[in-house]
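Full structure from sequences and hints, please.
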Amino acid sequence: MIEFKNVSKVYASNGAHALDNVSINIAKGEFVFIVGSSGAGKSTFLKLIMREEQPTSGSIIVNDMFLERLKRRKVPYLRRTMGIVFQDFRLISKMTVYDNVAFAMRCVGKKSRTIKKRVPYILDLVGLSDKANDHPSELSGGEQQRVSLARALVNNPALIIADEPTGNIDPEMSYEIIELLSEINKRGTTVLVVTHEHDLVKSFGKRVITIDDGRVISDTADEEYVAI
Amino acid sequence: MSSLGYLIKEGFKNIFNNRMMSLASIGVLISCLVLTGSAIMLSVNVSDIVRSVGDTNETKVYLSDDIEKLDAVYKKAEFLKIENVSEAEFIDKEDAIKTLRDKIGEDIYANMTGAGNPLPYSYNIKMEDLTKYDETLQKLKAVPGVESVSSQREVVKRLTSLSALITMMSFWIILALAIISLFIISNTIRMTMFSHRFEISIMKSVGATNNFVRVPFIIEGIFIGVVSAGISVGLLYVLSDAVIKAVKTILPFPYTPFTSIMWYIIAGFVGAGIIVGVLGSLVSIRRFLKREGNEILGW
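The listed protein sequences derive, respectively, from chains U and P.
According to numbering that gives the first Met the number 0, the first sequence holds residues 0 to 227 in order.
According to numbering that gives the first Met the number 0, the second sequence holds residues 0 to 298 in order.
Don't read these hints as lab results, they were simulated from the structure.
Values in this document were obtained by computation on a predicted structure and should not be read as measured data.
Check before you lean on any hint, since a few could be wrong.
Said to hold, decoys possible - Cross-link-like lysine to any residue pairs, in silico, SDA-like; alpha carbons within 20 angstroms at most:
{"#": "1", "chain 1": "P", "residue 1": "Lys-138", "chain 2": "P", "residue 2": "Ser-63"}
{"#": "2", "chain 1": "U", "residue 1": "Lys-109", "chain 2": "P", "residue 2": "Leu-6"}
{"#": "3", "chain 1": "P", "residue 1": "Lys-156", "chain 2": "P", "residue 2": "Ile-48"}
{"#": "4", "chain 1": "U", "residue 1": "Lys-73", "chain 2": "P", "residue 2": "Gly-292"}
{"#": "5", "chain 1": "U", "residue 1": "Lys-73", "chain 2": "P", "residue 2": "Phe-211"}
{"#": "6", "chain 1": "U", "residue 1": "Lys-205", "chain 2": "U", "residue 2": "Gly-187"}
{"#": "7", "chain 1": "U", "residue 1": "Lys-110", "chain 2": "P", "residue 2": "Glu-9"}
{"#": "8", "chain 1": "U", "residue 1": "Lys-115", "chain 2": "P", "residue 2": "Tyr-5"}
{"#": "9", "chain 1": "P", "residue 1": "Lys-138", "chain 2": "P", "residue 2": "Glu-127"}
{"#": "10", "chain 1": "P", "residue 1": "Lys-125", "chain 2": "P", "residue 2": "Gln-137"}
{"#": "11", "chain 1": "U", "residue 1": "Lys-116", "chain 2": "P", "residue 2": "Ser-2"}
{"#": "12", "chain 1": "U", "residue 1": "Lys-46", "chain 2": "U", "residue 2": "Asn-20"}
{"#": "13", "chain 1": "P", "residue 1": "Lys-8", "chain 2": "P", "residue 2": "Asn-210"}
{"#": "14", "chain 1": "U", "residue 1": "Lys-201", "chain 2": "U", "residue 2": "Met-172"}
{"#": "15", "chain 1": "U", "residue 1": "Lys-93", "chain 2": "P", "residue 2": "Ile-199"}
{"#": "16", "chain 1": "P", "residue 1": "Lys-289", "chain 2": "U", "residue 2": "Leu-77"}
{"#": "17", "chain 1": "P", "residue 1": "Lys-102", "chain 2": "P", "residue 2": "Asp-91"}
{"#": "18", "chain 1": "P", "residue 1": "Lys-289", "chain 2": "U", "residue 2": "Glu-51"}
{"#": "19", "chain 1": "U", "residue 1": "Lys-110", "chain 2": "P", "residue 2": "Ile-7"}
{"#": "20", "chain 1": "U", "residue 1": "Lys-93", "chain 2": "P", "residue 2": "Ser-200"}
{"#": "21", "chain 1": "U", "residue 1": "Lys-27", "chain 2": "U", "residue 2": "Tyr-76"}
{"#": "22", "chain 1": "P", "residue 1": "Lys-140", "chain 2": "P", "residue 2": "Phe-78"}
{"#": "23", "chain 1": "U", "residue 1": "Lys-110", "chain 2": "U", "residue 2": "Tyr-76"}
{"#": "24", "chain 1": "U", "residue 1": "Lys-93", "chain 2": "P", "residue 2": "Ser-194"}
{"#": "25", "chain 1": "P", "residue 1": "Lys-74", "chain 2": "P", "residue 2": "Glu-57"}
{"#": "26", "chain 1": "U", "residue 1": "Lys-46", "chain 2": "P", "residue 2": "Asn-293"}
{"#": "27", "chain 1": "P", "residue 1": "Lys-92", "chain 2": "P", "residue 2": "Tyr-61"}
{"#": "28", "chain 1": "U", "residue 1": "Lys-93", "chain 2": "P", "residue 2": "Leu-6"}
{"#": "29", "chain 1": "P", "residue 1": "Lys-92", "chain 2": "P", "residue 2": "Ile-107"}
{"#": "30", "chain 1": "U", "residue 1": "Lys-110", "chain 2": "P", "residue 2": "Lys-8"}
{"#": "31", "chain 1": "U", "residue 1": "Lys-73", "chain 2": "P", "residue 2": "Arg-290"}
{"#": "32", "chain 1": "P", "residue 1": "Lys-289", "chain 2": "U", "residue 2": "Arg-68"}
{"#": "33", "chain 1": "P", "residue 1": "Lys-289", "chain 2": "U", "residue 2": "Arg-50"}
{"#": "34", "chain 1": "U", "residue 1": "Lys-73", "chain 2": "P", "residue 2": "Lys-289"}
{"#": "35", "chain 1": "U", "residue 1": "Lys-93", "chain 2": "P", "residue 2": "Glu-9"}
{"#": "36", "chain 1": "P", "residue 1": "Lys-8", "chain 2": "U", "residue 2": "Ser-111"}
Shown next as structure tokens:
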């Protein structure tokens with residue numbers, strides 16, 4: 000599903016070594032937490048997966064695509080295989096909940112008929128059927144993040160990437176969001192959650208990859224994880 | 000197809016949401032197109048006038064006083080034999096004096112008819128190619144019985160160079176205005192794009208192709224171009240009609256009305272509107288589409 004082989008990333012603009020010889024394997028259907036302090040290299044790791052950045056050296060395979068060989072015009076098709084959940088939700092304020100979710104389907108050219116069937120189903124899955132006509136400003140942080148999750152899920156991606164999904168919501172809601180991601184994972188979707196909330200990570204007992212100073216310093220399963 | 004419908008709708012939404020900027024650029028574009036149209040009209044009319052002056056500018060060939068009328072009439076064949084002479088019209092000296100009747104008055108005219116006529120027999124000569132004017136003139140002079148030759152060659156020369164100058168100036172004006180139009184449209188679209196950067200970043204993150212992102216902005220560009228073209232044609236129609244009417248009273252020439260070149264102008268303006276719209280939007284999107292993720296948002 001995701002394979003990093005000796006990947007290093009040095010930003011040409013400031014010479015910063017964001018990742019240093021990182022090798023990671025994440026199999027299909029896994030649920031993985033990526034933890035690390037700010038500036039550790041987590042964001043670069045995600046950018047490389049989404050092909051927003053390219054590695055300085057090493058090779059990356061995501062959803063069977065060799066990213067170093069992937070042509071620029073093919074990048075959208077890579078991104079269609081993944082759904083992204085952002086810390087700040089990134090919902091379009093002038094659109095309703097329904098339209099925000101439908102937007103992701105319109106962007107990939109789905110037919111209106113398909114959109115009309117799929118969006119209510121996904122909103123039901125994240126428990127927001129009754130909020131379909133609300134605007135994001137009328138929702139709580141947790142609800143907004145569920146809309147963001149619904150948008151990430153609506154195109155039925157093989158991989159969900161959640162970048163600090165609980166960073167802007169209260170702790171109770173945070174558990175709910177991770178629970179929801181866990182449910183989605185049980186249905187077969189690979190889930191990658193980037194976070195720095197150690198309590199949350201510990202309580203779910205999943206695989207945890209710790210990145211520090213651009214290197215993977217631990218890759219453990221469930222209870223072995225100790226916060227650095 | 001369902002995507003295209005959605006994208007067209009989005010394009011029109013952009014125009015409406017960004018209406019002040021759209022209106023401003025339509026306004027400036029109309030000014031550019033009306034100036035362009037005026038330059039075209041001026042250029043077309045000046046060259047038409049030059050052509051008509053050139054056409055009527057017959058070279059006059061005067062025959063010797065002692066030549067008999069019959070001999071004078073037979074000279075026509077000799078003139079027509081000269082290369083580049085397309086027409087040779089015989090002017091009887093009786094007819095020539097008649098044309099002066101009003102100017103010279105009845106009394107003098109009465110003395111000048113018949114044997115008292117001081118005018119010679121003459122010919123109006125038309126040439127096919129004015130660039131061979133001088134050598135044709137020499138050949139005409141060499142015909143036996145030709146006394147003198149006169150023409151308004153200098154007037155034509157000056158008008159031709161004036162027409163060339165106006166055409167050249169029009170070309171540069173049109174070119175400058177086209178560049179200004181391109182700049183204005185691309186700037187308007189850049190503003191729209193900037194206000195939509197958040198949506199664009201989401202579009203790219205969910206896997207929208209660059210073409211999908213582009214289409215609404217291209218539609219916005221085309222709309223601005225075509226609407227400006229339409230209004231400009233209407234304005235030019237009214238303006239040129241009024242200007243021609245006014246100028247005709249001072250300089251009575253056969254002017255080319257706007258309607259006779261209207262369809263070319265419509266086709267040209269709409270075509271230019273579409274090209275400038277598409278180019279303007281492509282120029283402004285190109286740099287934007289190269290950015291990724293938070294770069295789009297300027298973070």
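Hints versus structure:
1. Between P:Lys-138 and P:Ser-63, the direct Cα distance comes to roughly 16 angstroms. Compliance with the 20 angstroms bound is thereby established for this hinted pair.
2. This hinted pair checks out: U:Lys-109 and P:Leu-6 have alpha carbons roughly 12 angstroms apart, not beyond 20 angstroms.
3. As the CA atoms of P:Lys-156 and P:Ile-48 are separated by approximately 13 angstroms, the hinted pair is consistent with the 20 angstroms bound.
4. With a C-alpha separation of about 16 angstroms, the suggested pairing of U:Lys-73 with P:Gly-292 holds against the 20 angstroms cut-off.
5. Distance restraint check for U:Lys-73 and P:Phe-211: the Cα-Cα separation of roughly 13 angstroms lies within the 20 angstroms cut-off, and the hinted pair is therefore satisfied.
6. For the suggested pair U:Lys-205 and U:Gly-187, the alpha carbons sit about 15 angstroms apart, so the restraint of at most 20 angstroms is met.
7. For the proposed pair U:Lys-110 and P:Glu-9, the alpha carbon gap of about 16 angstroms is at most 20 angstroms, so the pair holds.
8. Restraint check for U:Lys-115 and P:Tyr-5: satisfied, since their Cα atoms lie roughly 14 angstroms apart, inside the 20 angstroms limit.
9. Distance restraint check for P:Lys-138 and P:Glu-127: the Cα-Cα separation of roughly 15 angstroms lies within the 20 angstroms cut-off, and the hinted pair is therefore satisfied.
10. Between the alpha carbons of P:Lys-125 and P:Gln-137 the distance comes to roughly 14 angstroms, so the proposed pair stays at or under 20 angstroms and holds.
11. A hinted pair counts as satisfied when its Cα atoms are at most 20 angstroms apart, and U:Lys-116 with P:Ser-2 qualifies at roughly 17 angstroms.
12. Between U:Lys-46 and U:Asn-20 the CA atoms are separated by roughly 16 angstroms; this keeps the pair inside 20 angstroms, and the hint holds.
13. Distance check on the hinted pair: P:Lys-8 and P:Asn-210 sit about 15 angstroms apart at the alpha-carbon level, within 20 angstroms; holds.
14. For the suggested pair U:Lys-201 and U:Met-172, the alpha carbons sit about 16 angstroms apart, so the restraint of at most 20 angstroms is met.
15. At most 20 angstroms may separate the alpha-carbon atoms for a hinted pair to count; U:Lys-93 and P:Ile-199 meet this at roughly 15 angstroms.
16. Restraint check: the Cα-Cα separation between P:Lys-289 and U:Leu-77 comes to about 17 angstroms, which is no more than 20 angstroms; the hinted pair holds.
17. Straight-line distance between C-alpha atoms of P:Lys-102 and P:Asp-91 comes to about 18 angstroms, which keeps the hinted pair within the 20 angstroms bound.
18. Proposed proximity of P:Lys-289 and U:Glu-51 is supported: the alpha carbons are some 10 angstroms apart, at most 20 angstroms.
19. At most 20 angstroms may separate the alpha-carbon atoms for a hinted pair to count; U:Lys-110 and P:Ile-7 meet this at roughly 15 angstroms.
20. In summary, the hint linking U:Lys-93 to P:Ser-200 is supported, as the alpha carbons are separated by about 16 angstroms, within the 20 angstroms threshold.
21. Distance check on the hinted pair: U:Lys-27 and U:Tyr-76 sit about 18 angstroms apart at the alpha-carbon level, within 20 angstroms; holds.
22. Taken as a hint, the P:Lys-140 and P:Phe-78 pair is honoured in the structure, with Cα atoms around 10 angstroms apart against an allowance of 20 angstroms.
23. Note on U:Lys-110 and U:Tyr-76: the hinted pairing holds, with a Cα-Cα distance of about 17 angstroms set against a maximum of 20 angstroms.
24. Between U:Lys-93 and P:Ser-194, the direct Cα distance comes to roughly 13 angstroms. Compliance with the 20 angstroms bound is thereby established for this hinted pair.
25. A C-alpha spacing of about 17 angstroms is found between P:Lys-74 and P:Glu-57, which places the hinted pair at or below 20 angstroms, so the restraint holds.
26. Between the alpha carbons of U:Lys-46 and P:Asn-293 the distance comes to roughly 10 angstroms, so the proposed pair stays at or under 20 angstroms and holds.
27. Straight-line distance between C-alpha atoms of P:Lys-92 and P:Tyr-61 comes to about 10 angstroms, which keeps the hinted pair within the 20 angstroms bound.
28. Between the alpha carbons of U:Lys-93 and P:Leu-6 the distance comes to roughly 17 angstroms, so the proposed pair stays at or under 20 angstroms and holds.
29. Taken as a hint, the P:Lys-92 and P:Ile-107 pair is honoured in the structure, with Cα atoms around 15 angstroms apart against an allowance of 20 angstroms.
30. For the proposed pair U:Lys-110 and P:Lys-8, the alpha carbon gap of about 15 angstroms is at most 20 angstroms, so the pair holds.
31. A C-alpha spacing of about 15 angstroms is found between U:Lys-73 and P:Arg-290, which places the hinted pair at or below 20 angstroms, so the restraint holds.
32. With a C-alpha separation of about 18 angstroms, the suggested pairing of P:Lys-289 with U:Arg-68 holds against the 20 angstroms cut-off.
33. With a C-alpha separation of about 12 angstroms, the suggested pair P:Lys-289 and U:Arg-50 falls inside the 20 angstroms cut-off, and the hint holds.
34. As the CA atoms of U:Lys-73 and P:Lys-289 are separated by approximately 14 angstroms, the hinted pair is consistent with the 20 angstroms bound.
35. A threshold of 20 angstroms between alpha carbons decides the hint, and for U:Lys-93 with P:Glu-9 the separation of about 14 angstroms falls inside it, so the pair holds.
36. About 14 angstroms separates the Cα atoms of P:Lys-8 and U:Ser-111, which keeps this hinted pair within 20 angstroms; it holds.
In this structure, none of the earlier numbered hints is contradicted; all agree with it.
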